[in-house]
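Asker: Chains B, C and D: place on chain A using the hints.
Residue numbers (the working numbering), protein chains in the order written: chain A, 1 to 161; chain B, 162 to 322; chain C, 323 to 483; chain D, 484 to 644.
By construction, these hints were calculated from the structure, which means they are not laboratory data. There's no promise every hint is true.
Stated by the list, open to error - Derived DSBU-like pairs (lysine-lysine); straight-line CA-CA distance at most 35 angstroms:
#1 A:K19 x B:K193
#2 D:K490 x C:K341
#3 D:K502 x C:K329
#4 C:K341 x A:K133
#5 A:K149 x C:K455
#6 C:K341 x D:K502
#7 D:K515 x C:K373
#8 C:K329 x C:K341
#9 A:K19 x A:K51
#10 C:K341 x A:K149
#11 D:K534 x C:K329
#12 C:K455 x D:K490
As the list claims (entries may be wrong) - According to the in silico footprint, chain A covers these stretches of chain B (three or more CB under 8 angstroms from chain A):
#13 224 to 231
#14 249 to 260
Ideal Cβ positions, reconstructed from N, Cα and C, are used throughout, including at glycine.
There are 4 protein chains.
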Amino acid sequence: MNTYLLKRARIDAEAGIEKAHFLNPRARRCNKSLGDLTGLTGFGFHLIEVKPGDWSTELHRHYYEDECVYMLAGVGTATIGDEQFAVAAGDFLAYPRGGPAPTIQNTGDELLRCIVVGERRSHDVGDYPNQNKRIYRNQGLPWNLVDIKDIETPEGGEKRS
Amino acid sequence: MNTYLLKRARIDAEAGIEKAHFLNPRARRCNKSLGDLTGLTGFGFHLIEVKPGDWSTELHRHYYEDECVYMLAGVGTATIGDEQFAVAAGDFLAYPRGGPAPTIQNTGDELLRCIVVGERRSHDVGDYPNQNKRIYRNQGLPWNLVDIKDIETPEGGEKRS
Amino acid sequence: MNTYLLKRARIDAEAGIEKAHFLNPRARRCNKSLGDLTGLTGFGFHLIEVKPGDWSTELHRHYYEDECVYMLAGVGTATIGDEQFAVAAGDFLAYPRGGPAPTIQNTGDELLRCIVVGERRSHDVGDYPNQNKRIYRNQGLPWNLVDIKDIETPEGGEKRS
Amino acid sequence: MNTYLLKRARIDAEAGIEKAHFLNPRARRCNKSLGDLTGLTGFGFHLIEVKPGDWSTELHRHYYEDECVYMLAGVGTATIGDEQFAVAAGDFLAYPRGGPAPTIQNTGDELLRCIVVGERRSHDVGDYPNQNKRIYRNQGLPWNLVDIKDIETPEGGEKRS
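Excised from the complex, chain A in its bound form (with noise of 0.2 angstroms):
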């Protein structure tokens, strides 16, 4: 076979990630990184499901990735920034750099199944509205997570510091 084809057996049969919110046991879900299996590294291309109840990731916003969500069974209901809406399948939501937090929770009886798509960048900065915190990936560094409240912003007055 093919490895640049996953017939949908195959995925099927995968058993997935079960992952946790490092801030947020109740942000978890079921991930099979179709990207990561196939080898792309310029974007993740998931598929996700998210039990009854649980919330599809802790709410929070990047500065410069890009990421959306195509829903492909379930319901469930979607908060982006200080909305609510309730999505279905064939919706799609856009997270664009800079937007609003968004987090899906499943609020059916069944599982909430959908495409997550997100850029890879080699840094990012991202909120945690909820908990007050950023953080920053830098590649190559481990994620440093801070309060808010710790954060200074000077004026440099200058291009090099």
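Answerer: Structure of chains B, C and D alone, referenced to chain A:
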């Protein structure tokens, strides 16, 4: 309605853009770019419809951009380099940068529907093996298309030319 | 006169910008950015003058930007990490990304003059070892400065947070 | 001796690399890349020597890389696009991306010595106006050189080709 959410009914009502490949009139499809409709710029996210007998694209390969396809409905024959494979709903095809050239023909009787995701880099190079042509796409310049036989590959012996 | 050419007399007549480092008032210099004056954006090219006793910059290291210094006149003591070296006209100092933190003190009686070249990336992280502080510079966001002791490094166990 | 410091005596003792441009044997110089010698990768920093009568490079322009020259010794005639200028020690020449094509001829009796700094991007396109040729430099591919008359500029009408 939130601009970050496209409900299924809204997507269905969208006319889409009929696109024929500039090098092959039988490589034609109807394209609803959900990413463009919602302001994503970091990658393209497209719903594609290909009619029976048509091809999704002219056979081509990217040197710098990853691309992938997730089949939603219909059946087709995927060409990946020298090989051919039957594809149907739920199948996933990965086209990693530098890999073999792919395309999909709708070999069934109904619409072939799929999701296509692709990187949007500032710079890319692509080959059309059946046309013996290479394309250079660089942000801010028009596309440059050349016959591969007209390309020289000098040894510069230095970094700066 | 062509805007791409700065004659020596024109450079000499330039007042330059007096800059003190926001973390250290004795790290101060007069900066003539020849690159800025001529519209270069891909890197910084600066003529720097440091008075006797002053430092070229607060000791710092970049994680993602290369920088270098070419000495034109005067004498100084360069600190590179834990070591110190005498420097004079014609010497070259390289500060590769991720390397030890450098600075130069003018330890002579006349002006220390040098060329400083540095990358201008969209994203960088820097440390000030003598201040126990880290700076995050990301295009479009204000500089973020934190005490290194306030940084957590969680193990996410996943690509997407 | 610290690997980040090149003393003047060490630089003077360096043989340098004699380079002739692959498109013009009279465009030749002796190149000491201080950046390469010290492990810098983010840009090139070169000490260049051009003999009386020779040119620093074949006339060319970069579409994506900035470059600049700082004159250290000798005299020359700079060509920038259609114009010519006398240059001498202490002069600065900026070659911003997309600007006119430059080169410098040593029109004096002694060595012309200068610093050349240039970006090192993963992707660049350059033109040689006197040769009617274009070069495509993309990381991981050999240089591609074509006659400009052989380039087509198709209107694709779509993002994805």
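Asker: Each of the hints needs a verdict: does it hold here or not?
Answerer: Hints, verified against the model:
Simply put, K19 (chain A) and K193 (chain B) have alpha-carbon atoms about 32 angstroms apart, close enough for the 35 angstroms limit, and the pair holds. This hinted pair checks out: K490 (chain D) and K341 (chain C) have alpha carbons roughly 28 angstroms apart, not beyond 35 angstroms. Between the alpha carbons of K502 (chain D) and K329 (chain C) the distance comes to roughly 27 angstroms, so the proposed pair stays at or under 35 angstroms and holds. Proposed proximity of K341 (chain C) and K133 (chain A) is supported: the alpha carbons are some 33 angstroms apart, at most 35 angstroms.
Taking the CA atoms of K149 (chain A) and K455 (chain C), the gap is about 15 angstroms. The hint holds against a cut of 35 angstroms. Of the pairs offered as hints, the one joining K341 (chain C) and K502 (chain D) is violated, with about 40 angstroms between alpha carbons and a cut-off of 35 angstroms exceeded. With a C-alpha separation of about 30 angstroms, the suggested pairing of K515 (chain D) with K373 (chain C) holds against the 35 angstroms cut-off. Proposed proximity of K329 (chain C) and K341 (chain C) is supported: the alpha carbons are some 24 angstroms apart, at most 35 angstroms.
Of the supplied pair hints, the one linking K19 (chain A) and K51 (chain A) holds, its CA atoms being roughly 12 angstroms apart against a limit of 35 angstroms. Taking the CA atoms of K341 (chain C) and K149 (chain A), the gap is near 28 angstroms; set against the 35 angstroms cutoff, the hint holds. At roughly 22 angstroms between alpha-carbon atoms, K534 (chain D) and K329 (chain C) fall within 35 angstroms of each other, so this suggested pair holds. Between K455 (chain C) and K490 (chain D) the alpha-carbon distance is near 31 angstroms, which keeps this suggested pair within the 35 angstroms criterion.
With a threshold of 8 angstroms between beta carbons, the proposed coverage of the segment 224 to 231 of chain B by chain A holds, since 4 of its residues qualify and at least three are required. Check on the segment 249 to 260 of chain B: 11 of its residues sit with their Cβ under 8 angstroms from a Cβ of chain A, so the three-residue criterion for coverage holds.
When the structure is compared with the earlier hints, a violation turns up for hint 6 alone.
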